[in-house]
Each structure stands twice: as structure tokens, then as C-alpha cells.
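Protein chains in written order, with this note's numbering: chain C, 1 to 136; chain F, 1 to 761.
Simulated from the structure, these hints should not be mistaken for laboratory data.
Please read all numbers here as calculations on a predicted model, not as lab measurements.
Glycine residues also receive a C-beta, built at the ideal position from the N, C-alpha and C atoms.
Do not rely on the hints blindly, as some may be mistaken.
Claimed, not checked - Some, not all, of what chain F presents toward chain C, calculated at C-beta under 7 Å:
(1) Phe126
(2) Pro522
(3) Ile651
(4) Gly730
(5) Thr746
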Amino acid sequence: MSVILKSYCHFIFQIMLLLSILFLLRGHNYPGGGFIAALIACAGIGLYILSYRKTPKFIIRKNPILISLGMLCLIISMLLALSFKHSLLTGMWWQFKLFGQQIKLGTPLLFDLGIYLAILGSLSWLIKELEQSKND
Amino acid sequence: MDFSIFLIIGLLISGLLAVWPTLTSVLVSIVYWFIVLLWSLNLFNPFAFNTIPWVNLLNISINYQIDGLARLFALLISGIGILVLFYAYIYTNMETYKRAKLLSLLQLFAISMLGIVVADDMIMLFLCWELTTITSYLLIQFKVQSESANQAASNSLFVTIIGSLAMLAGLILLENKSASWSIASTINQLTTQVSSPQCITAFSLILLAIITKSAQFPFYFWLPGAMKAPTPVSAYLHSATMVNAGIYLLARLHPLFGQLSIWYPLLTFFGLSTMAISSVLCLVQKDLKALLAYTTTFALGAMVYLLGSDQPLAIEAFAIFFLFHGIYKAAAFMLVGTLDKEYHTRELDKLSGVGRTNFLLAFVLIIILGSMAGLPPFFGFTVKEMIYEAKLATPTISYFIVGISLLSSMLIAAICFRCGWFLFKAAKKTHIKVKILKFGLLCPAILAGVILILSFFEESLQDLVQPSIAAIVPATKVIYVNPNVGSSYLLSLTTVLGGAFLSLLFILIKKLPTSVPDLLNPRLLFENSLNYLLLFGKQLTRFTQEQSLTIQLKIATASIVIFLLLTMIVTQWYKLIHYQVFSVNVTNLPLFILLILVAVSLLSSYKFLYNLISLSLLGLATGFFFMVNGAVDLAMTQLLVEVLTIIVILIALHKFRLINIYNKSSISLLNIAIAIGIGLYTTLMLLLVKATPFNPELQQYYIKNSLLLAYGKNVVNVILVDFRSLDTFGEAIVIIATAIGIWLLTHKSLLSIRKKHVRHS
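One chain only, chain F, in its complex shape:
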């Protein structure tokens, strides 16, 4: 089966879920993702990856790049996707509308995510990337009534859109350099010239997209804000997918930009600072979901930090950590969601003693917390050790970097231990009732089981990630070996022990600070600057548009004159004009004189009606001018428009009894200057048009083919309704829209109803 068709089937399933959010539809979707899962494990290969031309003019096509990296990400997307869809079905029990919305958006989101990781064409990648942005926005503001959910959703939307616009610019720069939209061939072509300024600009633009999408310092704030989303969404967005899109792009472009000398320091800086800040912020969280969100940003920081290396060991650590983190984080989110559903709270204090109520719950909790903290029997310990080993095996390692990563890992471990202590301690006031957690525990339990199995069969995981490592770093790299054997093991052990010690300290202190100083919160900075921008826009609009029409026109015209004259001075195009006295056709001379006379008469009266008539006389004279010079259709249109304008204005004036008013605004020096400026500019522009050589090809084509191809003798009309009929169609739509606008304006009652509606909501 063609993969494009498969993707379209996925979109159809999203529609199916929106219409019939039943268990059957969910099962269809689960089967769909199971096929993807089997494919990503290379067990089942039903797909053909054909290139489909899309926009031929720009060489954009739909084509795929399938390698280990794509399969690794598809594995997590589909694997977690299956569980999350099922979990979402359980989570939204009985509320059909909400269930339909949640399930179809989740499916759509997963499809666009799959699109990102299989795309080879940059435009396809960008479109899927934007689709994830939009669907995640809709998912985060799922509870539409909630003010904070809306705020969080728009924060995440703005932050990620800033990044993706930068990414689009970066991708276009890359395409300009390599003349291909394909990522693979771009990487191949540009490897030798990666340090050119164009490539470095592209890199910094794409890096901006990556750090915004993957919630790196200083943009990490949108991710904890996104916790307003329903829990299945959090589990999916923040473990397996959305935030990993940036990581994916980083890994995908690693072969190209990894050669830059700024790659390692930059990524190390972003990764480490994110790790450090999120581990500190994690400490003060009481809400379990927010706590998990900060551990996610911590993990993302660690991934970015690991990718800032070209050693296969580091990349292997990255791949394994990526997979492992996705599994335990999804499990943790689902567990928190289930607890929230059952006990109606996510506060750590209020949930104390929960671990003692249910055996299965205790089992899942221990596995998840143990993996997160990196306790020895679980796989998390091995992963931590690999991370340290990978970092120590980098030639440019410094003790400062190791120290920071050690400290922040220690903090995270301490937080996990503290959570465990809270959740398992014997509660004094037992407001926690023993409840039978039904299906809600099933999905986290499955994932916990997967973690347990992985802890025993590490080698199978190694085999799984090998192809993706090969896709990121070429096999020919020189491998640097860590001289101190066993030091990484010691470091992991130090992390666990130090974490245990710290958690003891935290438990003894009891009163941890519950908030951080605003200095550490870039969210406020972001929101404030956004608000100031809006305020600025409002003030500017008030200044330029909320005054009388005369002033508004004055401002508009004056700014046109100023800016256009400025461009004229800067670009110096006035030098191109031939200042020759062009001959005036004698037959036109009376018309010229008439035009000037009418213009003078226009200025000589203050009576509005008189001005109006002079103005239309000016138009009529222009119409005669066209007529004399052979443009009959143009002249007719001009005359009719003048007549119609006069009639419409007369009706309006008569209606509002304004027919005898005087135009009181005096002729000021400023007005004269503006008028002269715009007249001067128009004249110069026309002279410039005359100075550029005229290409008669199009004109001749129309004249020659008007009768032959379009059977019409009137060339103007043939152009309007045949050669360029799409333009005419557009113009007709503009006029229709104007009529509808006028209708809305005159029906004030309609507008006022809308206003009331807005005020109420």
C-alpha cells in the first residue's frame, strides 16, 4: 500500500472518531496504529514509499525518508498512541461530545506527528509541524471556558509559531543553497560548505524552532502551562510527541550541522541550562502534573545536551533515553490522570498514602518512580550510566558540565524519592479512601510492565536503536574512549545516593518554598511583552483611525508620501527618468485646459455640493481623455463610475439632510504640502513607467488571438471575460463583499446583537 494513502486513511479515521466516538472506532484507530507499530519494528512491511509530485513549479513533492531515526520515532508515536487512545476513551467516560473532540484531535495530532518523522520534503515537514502546533493548541484549550487554559494555549501557540516561522525561513535558505527540498539530498550537497554564512543563518533559525518546540531555556515555560490540557493529552503531547518534534529535527539535521563548531557549545548551553532550571523549578511544585512537566523539560534538556556530541556512544544514549523517557513519562502522566479522576486532586500532600491502597498501583508507582530516579534494579540506572559514560567520552568535557548535570540529576532523583515517600507514607488523617482503580490503571500498568521487561532484556533495545544511531552519525567517526573505566558507574551511584540524601533533607525541612521569584519566570516577560504589543496596536489604531475621516485621510496620505519619497531617495530610482519635454498632442490640449480649470474650480468653493460636482467633472474630463485616445471601454467605465458615485453620494446626502453643508476645513499649509507631495510622486512614477522600455508582446498576443481563440472583436471585453477571467471573478467577489459589508453596517441591530453576545461571553 502506498504510504500516502495510508496517511489519508489515518485522517479519515480521525473523522470517524469525530462522528462516532464509539469503542469500535477506537479499535479501528488502534489497529491502524498497531500496523504502524509493527512497521516501525520492521516486522511488517506493507508500505510503498512513492514520491508524489505536489507543486511542480516549485519542485515540491511528497516524498519520504525512511531510516532508523524515522522508525524509532514512529515506534514511540504508535506505541504510546495506542495506549493513549484507549486511555482517552476510558478517561472521558460517557461525555460523547468531549470524547469525540478529544479522540479525533488526538488521532489528527498523531497523524501529523507521523508525517513529521517520515517526511523528506521540507515543505511537507513544515506543514505537518504546523499541523501539530494547531492541533496541540486546540487540545490545550480543550476546556474552552477556562481562562487559564486559553492563556496557556495561546502562549504555547505563540511560542511555537515564532519558532516555526523562523524554521520556514531557515528551510528556504537551505533550499536556496542546495536547490532541493529534500532533506537527504540537502544534507549530502551541503556537507562541504556548511560553514557558509547562509548555512549558519539557516542553522540559527532552525535552532530557534527547535528550542521553542522542545521547550528549551528560555522558552520552557509553555510546557508546564500546557498542563491545563486533559491528562491523556498531556501524556501524549509531553511524553512521546509534540515536544520531541524539535528533538527529531535536531537529530535529523545532526549530520549536516553537527560539523559546525558552534553546534556543541550551543546545544550544551541550551541543554544544561534547561536541565538546571527545570530541576530547581520542579522542586517547588506541589501539583503532580506540573512536577511531571518540569521533569519532562529536564529530560528534553538532557536529550539536547546528548545530541550536542558526535560520539556514537552519546547518540546511543540519546536514542535509548528518548525511548525510555517516552515510556515512563507516558505511564506517569496516565497514572496521575487516573488518580486525579479518582481522588479529584493532584496535590502531593493530599494524596499521601495512596500507594498503600492498591497493590497494582503500588507496583506501577515503584517502577515509574524508580526509573525516573534511576534506581539500580531498573533500567533507568543503566540509562543514567550510559548518559554519564557518553558525556565522559567526549573529548571536550569539562568538570563544570559534568558537575551541573550531576547536580540536576541528583535533584530530580531527590524529588522522585520525596514523591515516593509522600505517596507511600501512612497518612495520619485518612481522607484517602480505598478505591478500586479500574481500567484507568490498565494503561500505566502495561507501560510499567514494558519497563520491567526492558530492564531484563537490554540487548534487544540496543539492537532496536542501532539503525537510528547509524542514521545520525556515520560509522566512520573516530571513537574517543573514556580513560577512567568505571567512573560513569560511580557517577550514577553518586546520583542515586546524593538524591536519597537530598530527599531526606527535603523531608526533614518539610517547608519547601512554594513559588519561585518572578525573575526565574520568562512566562511573565513573554506575556507582558505580548500585552504591551497589543496595547501599542490599540493606541496606534486609536491615534490613526478613531478620529474624523478628514484626519484619517490626512494621516494615510501623508504617510504614503513620506514613505514613498523616502524609498525614492534611498533607491534613487528618479535617476532613471528621462526628463524630456514630451510633446503634447494638439487634440488633447483643450482637455488639459479643461482638467486644470475644473481642478481650480474645485478649490475655489467651500460648498460641499459644489465640490462634489467639480470632482465628478474632473472624472468626466478624464473619461473624455480616454475616449479621445481610443480607450472606449475604459472611458465608458470611467463615466459610469463617476455618474454612479455622484448618485450614491447624493442619495446619502439627501437621506441624512446634509445637502447644504459647507466644507469648513480650511486649506492649511500642511494640506497643501501633502497634496503637492502626492501629486509630485504620482507624476514621477508615471515618468518612470514611461522611461522603462515597453514590451508589446502581451498586447500583440491579445490583439492577435482575440478573434481567433476567443471569437470576440472587442479585445478589452475578451480580456475581461476570457483571457483574464479569474481576475474579473475576484473583482466581482470584492464588490459582492462590499455590498454585504454595507448591508451589515446599515443593519445596526445586527451589530448590536453581536456586541451584546460578545459582552456576555
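Pulled out of the complex, with its shape left as it was, chain C reads as follows:
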């Protein structure tokens, strides 16, 4: 790989991860969301692998754990509505004030986080496996 890509890649990689978190959080009101955010992060990881020929350690040591965390978020957000005697997957919202700011939290946010984690885990797993597979 080219020297230019190598020297800039670390920087770009971090920016993309930050960007993906930003897109995850703003998703409900502006363009973005869990799926798109996960794709951005995966693109960053892919770029990292392409330039350094190794996987970034701190994020995808154990992809199945990431996936299961995502599934856990999804299932909790699904079942929470049941405990309030609504039908499955009904969006539940709670509003409260923090430092004078009106803050809304709801199960769709948790759902979006679950999607983010599950997709990030699977796609980065896929990339990692392709990279690590034996050449034969």
C-alpha cells in the first residue's frame, strides 16, 4: 500500500469511528441511524485493514460478543413494551430534565443501538475473516 494512505489512515480511521457514533446519535432527527453508522465504522475498519494488513485490536477482538450485545439490546427493546402491557416492539419514551435540558429517551434509541452493534459486529467479523483466511 502507498505510504500516503498508510500515514493518513490511522487518522482517518479514528475520524470515521467518531463520525459513526455521531451518525448513530443524530439518526432519529437528521439523516443517519444505526445501520448507516455501522456501515461507516466498518468502512473505516476495512480501510485500516487494507493499509496496515492487520485488524485494529481494541474494537474487534471478539466479534460474537459485539453481536450478542447488539442482540441483547434489540431483545430488551422489544420486550420492554410487553412489560408495560403494550404489544411487542411498541416504542416507549421517557422524558426528564437534566441540567435544564429536556431529554427524551426511548426504546427506539436502544433498538438503533442494537442494530448498530449487531451490524458492526457482523460486518467487521466478515472483513476480519476474509483478511485472516488462509491463502490456499
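For this one, chain C is given, so just place chain F on it according to the hints.
Here is chain F on its own, set in the frame of chain C:
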């Protein structure tokens, strides 16, 4: 107690037997079936039969129809069930795992059987029916290692599943016609329009289910094959239950389809041909269990033949024969099982002289064989006489039909006499040791005692079956009386005497043929056609999928084009399109030109990397197109997917050092044709979509309620994570499954371990 709860308790007992296969659990199960027995005899009525809504949208509910017919079948299921559970406990001495499997499956099977006979809802009936199919499959292939047991089990599974799928179609047709899933109300509503083509189609589909499930000609072969099952299973499956499910449905639908003019000839044909063939095949069997299996198909044929009549006399004969056959056949199977356990053989020759070893055994043997043959002191004689009387009392009787049934009954009687002669003759070489048959003889002895009691108290049996007759034929039927008084008695006597004569002949001939020509064996036909089907599938897969990816894609795309264009021509939907020159938005024009340019550049190079970049440029241009038209989220996703695809492919290419390869496949005329075809088809489809009027209701709902209900300004995201989150959940699962698939693919060692495992087993 609600009956549904009672059924669930039965399922729990099955679980209990699976976990603790002890005598206590068996006793719990026996108490359970004893309650059912008392209920079916109308001595004890603890149940409330409430309707429970199940799938409201489709009007499916759990509801019951309790009448004489249901009680009659429940009587046999529970009565034989008690003995069989106890017998199975004795039969599998000490092998805990096998005992647990056998007992819990038997209990599950009996519950599903009970479900069939009490169900009024057709879907509930179908589910229980399928549950019996599955549990009987598991029971038949009980000895998993045995190749022949597996083959027999899959034969029975395939045959009965063909029938039950047909039955599902038939039941749905009936529901369409009557708008109710309830059997009782369907019968009430359709009585006047039973000869409509829809009803006749439904009838033929359901009849297919009945003849497969009840092992009628030409599907009788699975039942003797099912003899690979452990003996308690055979005793239960082939006497009291599984095979009688078809008979039950036949009796249940008798009030409706009995009015069809094809009902009598069809049932007479199936019943008689089954009787005739199984009596002939029975003759050449040496294995006692196979012999019993063929007498069972004979009896089933006789029941179908009896149900092909609307005379109360015939139905009464059916009900009594059904009960009686269940009792003596279960006893016979259990006896054979006990003999097999003790002497390790089921061959008739090797068991000669067994009857002389034990007094109780001799007693049971005489009663069972006597009832099967229809000897005068036993109840079997009365039953035979009733059957003849019932048939003679049918207006459309012909001498041919009576002749065939007489001959096949004679053959069966002869076989019974011959068995008796073998089992009681003084063996020359006494390899039969005197053994004390312990508990194994208890259950058959109880049943033999029941037969003996019934022989003296026939009237009580008549009272028992009266309600079930009322459930099958309405009381207002015109009763036809047989003009020749006493002829049925003569016929029964002829059967016994002729049987005795024939058996003498068989014994004198000594060497009976031991196999039948393959022509008479539809099993081979069935297995061969199944094998050819598998072979065809394998060849087709090899042709379409085991070649290079390029060819595979070509075949897939070409078949899509061909079939879709064919449907387009047949249904002529292209006429719906308005072929107007639609205006192009000027801002989009540069993007169009870019798209075309990129497409041309894609075709102009043979270098793989270059092609890849052009392809992703195409995707990016499409993404810009979305962006310009306001679908920002879509555009973002499209762009990211393109980027990610490129990265993944690059990693793969780099990994396998394929980055500088050339795409050598030339552009052939065929490829061009396929490409143009799929492009044309997609364009036409899109035009069709534009031609159908757009319903903005859903769109408006989402836009209006996105902020109000879901507190989100981004409608696309709100749809993804709130309005339609179940879809998103499913998509996430697809992606996770893909990742797991890739992981499996890259870990070849895992796959090879599995392959080795498969090869060894």
C-alpha cells in the same frame, strides 16, 4: 376441568416420562388414561369443552366435538393405551434411555391421537394428524442404527405426508365453501351442495389422505414396513390408533360425503382390493409380526368397505368390528413381542410347539386366533356374521363383491388355523425350551379375558356402539332388509369351514411360496420413484450450480428472464403500461449522462480492477441520483454500501493475489441477449409500477405521525427503528447469519471435521 388443560397435562406427562421413566411416572400416565377411559364410557364426566380462540384473524379456534364417534375412538385409544404403556415399561427392561424415549413418544402419540378424535376445528385436527405422523416416524425409526428401520420410517413418513398435505388442501377447500373451520357446521351447511365440483375435489383430496394414513391399496406397503418398530409401538400404532385415524376421518365425514354417488363404489373398490391383496400377501409371510401387519391391512380394508354404506346395520358392524379388531390385534402384537423377547425369534417355523409350553399362553393364543379366524364360540364369529349381514342388506350388492370378501376372509381364517397348527404341534426337534413367561403375558391375557367376556355379553357392546352409529348415520334412513334370512349365518359358517379346508391344504403342501412377485409390491415402485427424484435433483444441482460462478450466474439470470417474460406474455400485463415519454427533470440530466458513460466504460475494459471501479462508480452515481431527489438516507446507505463492497472485494483480491487479473470471458451474443432481456424486463416493471395509481395514505401517515407518535424528525429512521422495526430486526438477523456463514467458510478445518464425521457414521 377444561379439556384443553387436560390435554396439556397429558403433554406434561410425556415430558415427565422422558425425564423420569420410572414406574411411578408410568402409573401417573396410566391414571391419566384411565380417566379418559371412564369418560369415554360415559361413567365420569369431569370435563368442560370450552372453545378457546386461537388465531382470531382466520377464525381458527380450539373447539371440540364430542359425540358417540369421538367416545368410541377415545375408548380404544385409552383402553389399549393403558395396557401398551404398561407393556412398554416391561418390554424395555432396564434400558433407561430407550425406555424414556419409547414411553414419552408413546404418550405424546396417544395425546395427539386423542386430539384428532375430539377436534372439531379442522386446523386442530390437521395439527394433531401431523403430530401423529411425526411421532410415528420417530417411533418406527426407534432403532436409529438400523438402515431398514430408517428406510421404513421414511417410507411411512413420505406416504402419510403426501396424504396429509392433500388433506390440508381439501380442508381449506371445504372451509372456503362453508366459511367455517368447524367440521360440524361445515357438514350442516354443505349437505345440500355436496355435489358441487369444489366439494368433490375436497372429497378426493381427503380420500387420498385417508387411504394413505389407513394403509389402503395401493399405499398399504408402509404398514408392514413399519414392523421395524419395537413391539409395543406396533401394538399401539397398528391396532388402535394411527391407522385408524383415516378410518375416523372417513366415519366423521360420512354424513357429508356419504351422499355422493361415487362414495360407495370408491370405498368398496379400495376396501375390497386391500382385503384381497393383503390376504394373499399374508399367506407368504413367515415372520409373525409381518403376518399380523397384513391381517391389519385386511381389517382396515374391511372397515373402509363397511363404511361404504349408509345402512345402520353396516355402520354397526363397522363400529363393533373396529372395537373388536383393536382389542384382539393389540393382544396379538403384544403376544408376539413377548415371544420374540423370550425366544429371540418371530419365525413361525422356529416357534412350533410353543403353545404347549405354558397353559396361560395356550389360552391366550386360542382366544386370539379363534377371534381372528371367526370361530363360532368366540365373538369373532358374530362379528363376521354381522359383516356379511350388513353387506347383504345393501341394495346395490353384487355376488362378485360378496365372493371376493368371502374368499379373502377364508384365506385369513386359513392362515390363522395354520398358525395355530404350527404353534401347537408337537415339535420334533425341541429347541423350544419351557420358559416362564412373566409379566409379558399379563397384558395380552387381560385383553384375551376382555374378548372372552364380550363373547358372553354382546348386548352391552351393542349399547356401547349405538351413540357412535347415531353420529355417523342419521336415524331417518330407510332400512333395507336382507330378503334371505340366515344367509349371513351360512356365509360365516362357509368362511370357517372353507378356511379349515384351505389350511389343511396349506399344511399338506408344506412348501408355500416365500415371496411374491415384485409386480405386487408398490413399495419398490415408490422407493424407486423417490430415488429417481433425488437423482434428478442431484443432476440438476450439478448442472446449474457446480460450475464456475460465471456460468451459474448466466443460468440464473437467463432463467429469470425467460420465465418472467413468459409470464408477461401469458398475463399480458404490459398492456397496462402507458407508453408516454415522461419528462426528464433538467437537473437530473447530467446524472443520466454520467450513468450512461460509466456503463459504457464498464464494458470497454477487460481489466478486473478497472471493471470493479467502474461498477462502484455506477453505484455512486445512483447514490447521487437519490441525493438530488431528496432521499438523503437512501443515498448515504447506497454510497456506504458501495464503498464497503469495494473495500471488501479489494481485501479479498489482495489476499488471494488476484488484483491484476483480466476478465477473459468474451462478450458473446448470448450474454448480450440476457443482459438486454433483464434490462428490458426491469424497465417494463418500473413502468408498470408507475402506471398503477399511487396510494399516498401510508406515506402521509408516516409523515404525520413520525414526530407526534415516535418523537423523531427523520421519517426514514423512525420507520426503520419504530414503525417497522420487526423488519429491521429480521434484516439484522440476516446479516448476522451471513457473518456466521462466512466464518464457517473460512474455517475449513471445521467443515472438514464435519465431513469426516458424516463419512464415518
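Right, here's what the structure says about each hint:
For Phe126 (chain F), the suggested interface contact is broken, since its CB lies about 27 Å from the closest CB of chain C, more than 7 Å. Interface hint at Pro522 (chain F): violated, since its Cβ lies 49 Å from the closest Cβ of chain C, which is beyond the 7 Å cut-off. With its C-beta approaching chain C no nearer than about 5 Å, Ile651 (chain F) sits inside the 7 Å limit, and its interface hint holds. For Gly730 (chain F), the interface hint is violated, the least distance from its beta-carbon to any beta-carbon of chain C being 11 Å, above 7 Å.
For Thr746 (chain F), the interface hint holds, since its Cβ comes within 7 Å of a Cβ in chain C; the closest pair sits about 4 Å apart.
Of the numbered hints listed earlier, those contradicted by the structure are 1, 2, 4.
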